Amino acid sequence: MTQSDRNKLFLTLIGVAVALYTLWPTFQFYSMSPASRQEVLQARPAMATNEGDRTRLQDLAKLREKAIKLGLDLQGGMYLLLEVDTSKLPPAEARNAVDQAMQIIRNRIDQFGVAEPSIQKQGQNRILIQLPGLLDQERAKELIGQTALLEFKIVKTDEETRALFDRIDQYFARKMAGAAGKAAPDSLAHPWSSRFLTVAQGGESFALLDNVAAIDSMRQDLVKDSSFSMDAALNWDSHPSEREGRTGRGLYVLGKDPLMQGKEVASAQMRLDLDQERPGAPGVSFTLTGRGGALFADITGANVGRRLAIVLDQRVQSAPNIHERIPRGQGSITGSFTEEEAQNLSIVLRSGALPAPVNIVEERTVGPSLGQDSIQKGLKAGGLGALLVVIFMIVYYRLSGVVAVVALLLNMIGLLACMAAFHATLTLPGIAGVVLTIGMAVDTNVLIFERIREELRHKKTVLSAIETGYARAYRTIIDAHVTTLLSAVALMWFGTGPIRGFAITLSLGLIINLITAVGVSKMIFDAWSLRRRTSTISI
Amino acid sequence: MFEILHGINVDWMRRRRIAYMVSGLSILASIVSLVMHGGPRYGVDFTGGSLVEVRMTPPPEVDQVRSAVDRAGFHGAEIQKLNSPGQFLIRLSLSEQHASPGPAVVRTLQAAHPNAKVELLRVESVGPRVGAELRGAAIKAVFLALGMILIYVAIRYDWRYSMGAVAALFHDVFITLGAISIFNKEVNLTVVAALLTIAGFSINDTIVVFDRIRERRQTLRREPAEKVMNIAINETLSRTIITSFTVVLTVLALFFLGGEVLHDFSFAMLVGVIYGTYSSVYVASALALETQLYLERKKPARKR
Chain A
2 MTQSDRNKLF
12 LTLIGVAVAL
22 YTLWPTFQFY
32 SMSPASRQEV
42 LQARPAMATN
52 EGDRTRLQDL
62 AKLREKAIKL
72 GLDLQGGMYL
82 LLEVDTSKLP
92 PAEARNAVDQ
102 AMQIIRNRID
112 QFGVAEPSIQ
122 KQGQNRILIQ
132 LPGLLDQERA
142 KELIGQTALL
152 EFKIVKTDEE
162 TRALFDRIDQ
172 YFARKMAGAA
182 GKAAPDSLAH
192 PWSSRFLTVA
202 QGGESFALLD
212 NVAAIDSMRQ
222 DLVKDSSFSM
232 DAALNWDSHP
242 SEREGRTGRG
252 LYVLGKDPLM
262 QGKEVASAQM
272 RLDLDQERPG
282 APGVSFTLTG
292 RGGALFADIT
302 GANVGRRLAI
312 VLDQRVQSAP
322 NIHERIPRGQ
332 GSITGSFTEE
342 EAQNLSIVLR
352 SGALPAPVNI
362 VEERTVGPSL
372 GQDSIQKGLK
382 AGGLGALLVV
392 IFMIVYYRLS
402 GVVAVVALLL
412 NMIGLLACMA
422 AFHATLTLPG
432 IAGVVLTIGM
442 AVDTNVLIFE
452 RIREELRHKK
462 TVLSAIETGY
472 ARAYRTIIDA
482 HVTTLLSAVA
492 LMWFGTGPIR
502 GFAITLSLGL
512 IINLITAVGV
522 SKMIFDAWSL
532 RRRTSTISI
Chain B
4 MFEILHGINV
14 DWMRRRRIAY
24 MVSGLSILAS
34 IVSLVMHGGP
44 RYGVDFTGGS
54 LVEVRMTPPP
64 EVDQVRSAVD
74 RAGFHGAEIQ
84 KLNSPGQFLI
94 RLSLSEQHAS
104 PGPAVVRTLQ
114 AAHPNAKVEL
124 LRVESVGPRV
134 GAELRGAAIK
144 AVFLALGMIL
154 IYVAIRYDWR
164 YSMGAVAALF
174 HDVFITLGAI
184 SIFNKEVNLT
194 VVAALLTIAG
204 FSINDTIVVF
214 DRIRERRQTL
224 RREPAEKVMN
234 IAINETLSRT
244 IITSFTVVLT
254 VLALFFLGGE
264 VLHDFSFAML
274 VGVIYGTYSS
284 VYVASALALE
294 TQLYLERKKP
304 ARKR
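Protein chains in written order, with our numbering: chain A, 2 to 540; chain B, 4 to 307.
Since the hints were made in silico from the structure, they are not lab data.
There may be inaccurate statements among the hints.
[As the list claims (entries may be wrong)] In silico DSS-like cross-links for lysine-lysine, where the CA-CA straight-line distance does not exceed 27 Å:
#	chain 1	residue 1	chain 2	residue 2
1	A	K122	A	K67
2	B	K230	B	K143
3	B	K230	B	K120
4	A	K461	B	K230
5	B	K143	A	K122
6	A	K176	A	K225
7	A	K460	B	K230
8	A	K264	A	K89
9	A	K9	A	K63
10	B	K188	B	K84
11	A	K257	A	K176
12	B	K84	B	K143
13	A	K381	B	K230
14	A	K122	A	K257
15	A	K381	B	K84
In this text the structure is predicted, and so the values were computed from the model without any measurement.
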């Protein structure tokens, strides 16, 4: 062995040692029992109660950090792309709205209790959320997407409501008469009120479900037409109710401007004992900030005997009667909630309202059982593919084939170590990328070996056949790698989520392959042929 | 030495018309299928809409699933039975967009089959604007990749060769797209990834052959281009076959064992690799030869 060979060997061994050291946490993590793996996934040092517990949890979190993570498609989870609708905000607020929304959503998710959520801004006004693991999809989506704008508004008296309804009737009657040009029957004289079953009873007007859509579109026309002076807000009840045995929805006429908003809420809890008529019904109790408390006392003091509507995202949750001035800044929201809805509501009230509505524009969810399935199938397919290739290489190229397999093995170790070091996630397309890397690695050696065989056929000595074989194949190999890398780069550039995983593993694999399949295998050949001064080669 | 295809001596270039026929027919079939299907069948990634995968035990019939989903108001839903027992793919078009398509479908099926266990395996839901964006990004990525490869090959080789290489590249990608259409599979993000990988492999195969042609042209200056190409192809044939064989081995493993998500990917890869192997032998070099012959015919004419 020459000095330079010894140096190369030394470098290779160091490289392998570093790679194995980097991979050790991954090995530890995936050889655990599922239960302790779950513990590692859930470990949050901030939650520790004592010092010993904290160091232990920190260690676990560190282990989790260093192990190769599985993508959502393999471990199950949810991928949501949200778009913040800033179209109705003034430009100055719109600029900050996305960052604010992100912060608020992060708060909500933290309180929901998901291990390792990932929340990133994407482009101008989009937020990408990845929630690994098993969770209640619908609840999570509701929690994230809810604007949670809480408003307190006074309910108009029945007289005020009737007066407004009369004006609305006249407005539409005029509009329709203009279109038809004739005096009209009652339904046309009262195009608005005639759609309600009852009008202005205790501040609420009730419409059957069939009429709700029509009323709603009329309501929107009213809001849009600036010639109609709207001195109130019209908001639906959040849940359908029954009147005379028929289902419908209540419409409230409320004060136009809110008396107080949700930002005055200091804390909120889900409670089961708020409604005296229905014990055990879930509701949310809240405590106001100092300022909010004073405001609330003033509001309630000035409006004793009237109803105060608690409006969440333009829907009236409840409209209790104000019996007396409430001085302590505490209140509650009741309504027909399920326990989970009440829990969600308390979380969104605590973390605040989104500055603008958000829409889910892309969703990808993988259930945990499919994730498990995919891992097993992916590993089985990948393993079998690799095994077949290994067998073929050894049968076809014999001892040289073994060299190629060693190079392939080093490639895989290097690839996984790089993924662990870069905190990359392994996705199913990522596994496909690994499999294709195997294909390219094998191709590299096939190119070299075929070239060496040709040189041997031309009666060259083993030594010079190896030299020229490598030298000639090298140019082709570089070309082949560069072109494949170019398409991988294109994929990385445009790729979303899983596709990126494919491009990343493929490009990493290709780069490492240039070192292992060319460098390391050449080193082995050199060492082998030089030491023995061989005149034959097993290829 | 254990060898296959050594010392083979086929006059590939003389029979290049056979290749033109094979390629022509394949391309024709692709065009016919694409026209008949009104273009590639895009998946929800590109059209927008939702895709819900469920597993039901005990497995019901497809028709039962279809009628249950239809009764729940998802009228245009497409139901596909997957290879694993009880597994179904339900596609909802944009017009049936639902805030929570997964749980909605599961509730529907559970109501129709109260005794069955209904598991939600996967939901993919893409809004119309995101679908259009992904489609745009995919097209950009394909052209970016092809463009970069083109430039690289043009720099490294003669432009005549780079034309042949690019023709072979489009040939492979287009026929794969055609095969996807013929087998009525859909084009989604993973299939686009497969198409780009095929492009990489196709150019890789072509480059190996071209490299050898270039080398042989220097050592065999006196020989006609046709013969040089035959020699180069024959010399690299064993490498071409062995490499494609090993890739096909791994892709076959993915195809049969990789599960639903990798199924379309490996199908596209399989078609692409097989055509890529054939095209690097035939299409790319044959076209390079045609260009060369054409130029040679023209050259003396100009001299006169």
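### Query
Does A:K257 lie within 27 Å of A:K122 when you go C-alpha to C-alpha?
Status violated; Cα separation ~35 Å.
### Query
Going straight from one Cα to the other, do B:K230 and B:K143 come out at no more than 27 Å?
Outside the cut-off at roughly 40 Å; violated.
#### Entry: Pair hint A:K257 and A:K176, alpha-carbon separation not exceeding 27 Å
It holds: about 24 Å lies between the C-alpha atoms, which stays within 27 Å.
### Query
Given the hinted pair A:K176 and A:K225, is their alpha-carbon gap at most 27 Å?
14 Å, holds
#### Entry: Pairwise hint evaluation, B:K230 against A:K460, where the allowed Cα distance is 27 Å at most
Roughly 24 Å separates the two Cα atoms, so the pair holds.
### Query
Is it true that the CA of A:K122 sits at most 27 Å from the CA of A:K67?
The hint holds at about 24 Å.
### Query
Taking only the CA atoms, is the gap from A:K461 to B:K230 under or equal to 27 Å?
Given pair A:K461, B:K230 holds - Cα atoms ~25 Å apart, limit 27 Å.
### Message
Would the hint linking A:K381 and B:K230 be met if the CA-CA limit is 27 Å?
### Response
46 Å, violated
### Query
Holds or violated: B:K188 with B:K84, Cα cutoff 27 Å?
Holds: B:K188 and B:K84 sit about 13 Å apart, inside 27 Å.
#### Entry: Pair hint outcome, B:K230 versus B:K120 [Cα-Cα no greater than 27 Å]
67 Å, violated
### Message
Would the hint linking B:K84 and B:K143 be met if the CA-CA limit is 27 Å?
### Response
33 Å, violated
### Message
What's the verdict on A:K9 and A:K63, does the C-alpha distance respect the 27 Å limit or exceed it?
### Response
33 Å, violated
Figure legend: structure checked against the earlier numbered hints; hints not met, in rising order: 2, 3, 9, 12, 13 and 14.
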